[in-house]
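In order, the protein sequence lines correspond to chains B, U, R and P. Numbering follows UniProt numbering, in which position 302 of the first sequence is assigned residue number 302; successive positions increment by one, without gaps. Numbering follows UniProt numbering, in which position 179 of the second sequence is assigned residue number 179; successive positions increment by one, without gaps. Numbering follows UniProt numbering, in which position 318 of the third sequence is assigned residue number 318; successive positions increment by one, without gaps. Numbering follows UniProt numbering, in which position 62 of the fourth sequence is assigned residue number 62; successive positions increment by one, without gaps.
A portion of the hints provided could be inaccurate.
A pair holds if it fits inside one copy or across any two, identical chains being indistinguishable in the list.
In silico lysine to any residue, SDA-like type, Cα no more than 25 Å apart, as pairs [said to hold, decoys possible]:
id	residue 1	residue 2
1	K70	I42
2	K6	L26
3	K61	T213
4	K260	P89
Simulated from the structure, these hints should not be mistaken for laboratory data.
Number of protein chains: 4
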Amino acid sequence: MIIVLKPRTTEENLNRVIKMVETKGLEAHVVRGEEMTIIGCIGDTVRIDPRLFEVDQSVDKVMHVQEPYKLANRAFHPEDTIIDVSGIPVGGGHMAMIAGPCSVESEEQVIDVAKAVKEAGANMLRGGAFKPRTSPYSFQGLGLEGLEMLCRAKEETGLPIVTELMSGEYLDIFDEKVDLIQIGARNMQNFDLLKQLGRTKRPILLKRGLNATYEEWIMSAEYIMASGNENVILCERGVRTFETYTRNTLDLQAIPVLKKMTHLPVVVDPSHAGGKWWLVDTMAKAALAAGTDGLMIEVHNNPDCALCDGGQSLKPEKYAVLLEQLRRIAPIVEKTW
Amino acid sequence: MIIVLKPRTTEENLNRVIKMVETKGLEAHVVRGEEMTIIGCIGDTVRIDPRLFEVDQSVDKVMHVQEPYKLANRAFHPEDTIIDVSGIPVGGGHMAMIAGPCSVESEEQVIDVAKAVKEAGANMLRGGAFKPRTSPYSFQGLGLEGLEMLCRAKEETGLPIVTELMSGEYLDIFDEKVDLIQIGARNMQNFDLLKQLGRTKRPILLKRGLNATYEEWIMSAEYIMASGNENVILCERGVRTFETYTRNTLDLQAIPVLKKMTHLPVVVDPSHAGGKWWLVDTMAKAALAAGTDGLMIEVHNNPDCALCDGGQSLKPEKYAVLLEQLRRIAPIVEKTW
Amino acid sequence: MIIVLKPRTTEENLNRVIKMVETKGLEAHVVRGEEMTIIGCIGDTVRIDPRLFEVDQSVDKVMHVQEPYKLANRAFHPEDTIIDVSGIPVGGGHMAMIAGPCSVESEEQVIDVAKAVKEAGANMLRGGAFKPRTSPYSFQGLGLEGLEMLCRAKEETGLPIVTELMSGEYLDIFDEKVDLIQIGARNMQNFDLLKQLGRTKRPILLKRGLNATYEEWIMSAEYIMASGNENVILCERGVRTFETYTRNTLDLQAIPVLKKMTHLPVVVDPSHAGGKWWLVDTMAKAALAAGTDGLMIEVHNNPDCALCDGGQSLKPEKYAVLLEQLRRIAPIVEKTW
Amino acid sequence: MIIVLKPRTTEENLNRVIKMVETKGLEAHVVRGEEMTIIGCIGDTVRIDPRLFEVDQSVDKVMHVQEPYKLANRAFHPEDTIIDVSGIPVGGGHMAMIAGPCSVESEEQVIDVAKAVKEAGANMLRGGAFKPRTSPYSFQGLGLEGLEMLCRAKEETGLPIVTELMSGEYLDIFDEKVDLIQIGARNMQNFDLLKQLGRTKRPILLKRGLNATYEEWIMSAEYIMASGNENVILCERGVRTFETYTRNTLDLQAIPVLKKMTHLPVVVDPSHAGGKWWLVDTMAKAALAAGTDGLMIEVHNNPDCALCDGGQSLKPEKYAVLLEQLRRIAPIVEKTW
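Using the sequences provided together with the hints, build the complete structure.
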């Protein structure tokens, strides 16, 4: 951590700040210049809130230099982590090809879609049972009944299932039945829920919050890892910007940046990012070329009747065509599934 | 809801879209022009996702015209709602003057601050017992022990207490002991938690999410109201923008806008918005002039030792001076406390 | 400037970086820690691009600690600058009360509005002659003819005039006739235009760009000052965020922050920020309470027929009522006009 | 254009609004519902500012349904436009591979880089002669002297040159010597400059403003086209968001979206977007997979000594390796150069 003092700070004030630093258990190294004086603070600064020092009358600003995360940090774990999702490896060149309807609507629907996406080449099935909806009046999902339908589709196809957990109350059931537990963008900083995830060893798919910085996103993964579950997969799904033509702005720079900061797999959800079905295939190709470890894509057998987000779902035929193209790009960027 | 068709849409396609509209239980009114044709959809469109229609090949775009909220809507409830917080009215000219430490650190600390802010003129005491922290390694609050300390401070001063609820698990205890239950910015769209709030009649202080639009914020209030608890107070605490000099950008336009859209009280938290103690008094005055129904301000008897956010806390003396100035502005904008 | 090295950097690499620093004419002070090593760079770093060092394989990140601006810097000029606009002082407690139509439409219109706002208490007249419009098909303003109409209104009322300059081509005419030359938000980083402003001594009203950080905004003022014209007034007019209900988000924290960073006056334009007439009076009061040095407000005698931005203009009567209220708040924050 | 009236609007008020619509030369079609009444306005609404109607007491909101651009509109020009840049076709499957130093520093430097990038497979040379810098104290480019050096490099290599125009003052020289005239992000809404571009027939490379919506960006292209020069190429270079780890957030969804809205070529500048050299190759591949019509990449023979943006420049060897990989992806997305 670095403390920058105000111009013309007296020795007395300088010494008071140094003492403050030392009482926090840090070593203080002073660098003096004509126009500025800085104090380099050495030690474990992870637990220290820089704003504590900003209250001092002589302090101009305080800057963190060390990353505040450890378990997720690539610096302490150089090689890619490969997560095992019920037999499907994710990371280190192995891709999660997750597809399925935004929400589970009926057993028949989810089984039909499951068979179609497996046929096309998907290796995991997604489907929403508990749906986070902006409006209390919108369809909220079929809940546990929907989860049962997903399990039936798994029996039929053998595809591991991915679905969203919105409350710790259902964690035990998810632990028993769900292969990859999704935490949605709106719960990325629901710290109470994150801490509870240590109670399961199931892999967690952590979506990026709509306005989460890379660091905040990793810190949420760190919460899960610190609670005892190190099987975390990060999922970029678009961030909120001033542009409203698309639902969100897909940030593909997140892939190379996150891979530099952490050792965890990074997958992409192009369906929610753009919110328009005709953007999905193009952005899926772009995400693959950018090195994603997986693609989560909404596929619906009858989008115009979808109870939610039909407008961003692909028909199974289109999904099959997309996977054909992805298979041609994959070897160039050394990915496989 | 309005559906805009693509240029040169055939009669056949137009009729297909009309049928789609009617199967959703809406009336379709067609407006034809040379360059565009639109369909005005009449009926209860609140439950309908516009993206459902966007999947049709002939549809260019779909626009909502009706607000998706009802209970919180000023249109159906023209006069200001006044919320009673254990005897303190909030709204309709009555202000909530909430002050206290960011986190409860000890019984002595919270009682000292409580006495000081009451002396200065505050009418409610705030203090964090459960703290949402970006890092799992930061101080997480004293929890139930901290809540007990707040209760002791209430016994000593008679000030109603305001503190944050992070999990439904503690709702019953909060229902029993907390006068105004705060839902933090990061949980604004924790829909599972919002729905549970119907189990209490205690007023809820709903903070705006860092990237929540006015409508999304109101929709979260609508969740709480629809679940059975109509005692909701909205709290603007700054939004996230590209500007990083301040922690967040305080959006004071939110006050007049929210008062036009809803009948609920709107209070402001200038301490978290700027993240700097020297911005608090200026922005508190601005918020009052903009018509806020309350001010939530961090006050700490010894900011440099605060376990969290010391950098944005005022000393009790400064808070007292600020209230003096606010008392001079209040009558001009017809506010009182 | 501070250079943070990657963990486990060798002495050899460290020395290479030190040499790089020294070849830029800076002194290098090394601070060593187990987990990180930093180099404090002393000297005039204003001209040095930190990214130059980031290319080195051993460098993790580079941080600037010195402000990159000098002439506008409060640190080197502690007292408020007061700008004289043809006899009207702006800054240091003196307010610029600027009012008038968004665009000049006719001599009669601008003279009528000028008389009305003067009567209400305005001390400067605004009116757009050259209009920056997003669409090439929108009304672009009356140009020089409009400028002449403003001059006639000035003769009639004695009010100094404020209008926007969009091109260096007209600078000489503006220098001769305009009392306060406005540079619009979209030209805030039109560096070619900024440099030319040194050719006049007329005060410049520099609007904040829609996505300009405080520092970038000050750097644009620094461009004007470095070119030879130190008479710069800053104007906050709202920034672009994810919120689209209002045209922009008015950032009133900009007032206290800019006053801390610079010695220049800061005025506010509440009309363009919200884009809605019913937000203007509330936000004008808030801006005054936040310590603004002036208010630029759109007033039109017949908003429904305005050729541009009628929706955000006040009628003269409403403007008069607003000034009455502002007169009651002004003394509390030690402002006068 | 659609006008939504407030609930319970009287016939009298409805008729007043209808009259207002008709006086603007539009046809008014009324759609009545219990909860809302809307007026569909038919006719040429491109020139009409919706805010004109919002001033009416009975109007709730006004929505545009027609795109405000014509010449750039894909609807009126279905096939891709192919721009000829001194013999190099851009668009419709043909890519502009633009490479070179951020700024021209010496004749030797620019000729060396030009030869190296041509050797690697680039088909155009970029280099900054006039540099838009945030600070008046930063290197501002070699100006006309730099332009001469670019011309020498063109003589040596035959590569068409691309460089930024910051002022209309130099338009004639650029018209004579520059093959592709770049307009920078900060001048995207310098409307005075845009209008002057009609004086040349040289193709224009229009960079997206840091906070420009797709529509605003297209409207700036429309300005150039309406002024008489239809040879416009759009360039995505990242937008400003809350994320500060990268210099900007590259918006690759812009490619498919812009291609749907307009018929103009869309190229991508991955160097400026991320601001970090190690992000360039990954994002260049992603942009190609997303269907870009070109890539503008900074290449410097000695990045650590670059006078500007060295940190985001590739060495010629790395650029050659990148082009090898791009050649393998290109046929899959039907691109060639």
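The hints, checked one at a time:
1. K70 <-> I42: Answer is within: at 17 Å inside a copy they meet the 25 Å cutoff, but 32 Å across does not.
2. K6 <-> L26: Both: 21 Å inside a chain and 20 Å across chains, each within 25 Å.
3. K61 <-> T213: The answer is both: 21 Å in one copy and 17 Å across copies each meet 25 Å.
4. K260 <-> P89: Close inside one copy (20 Å), not across copies (37 Å); limit 25 Å.
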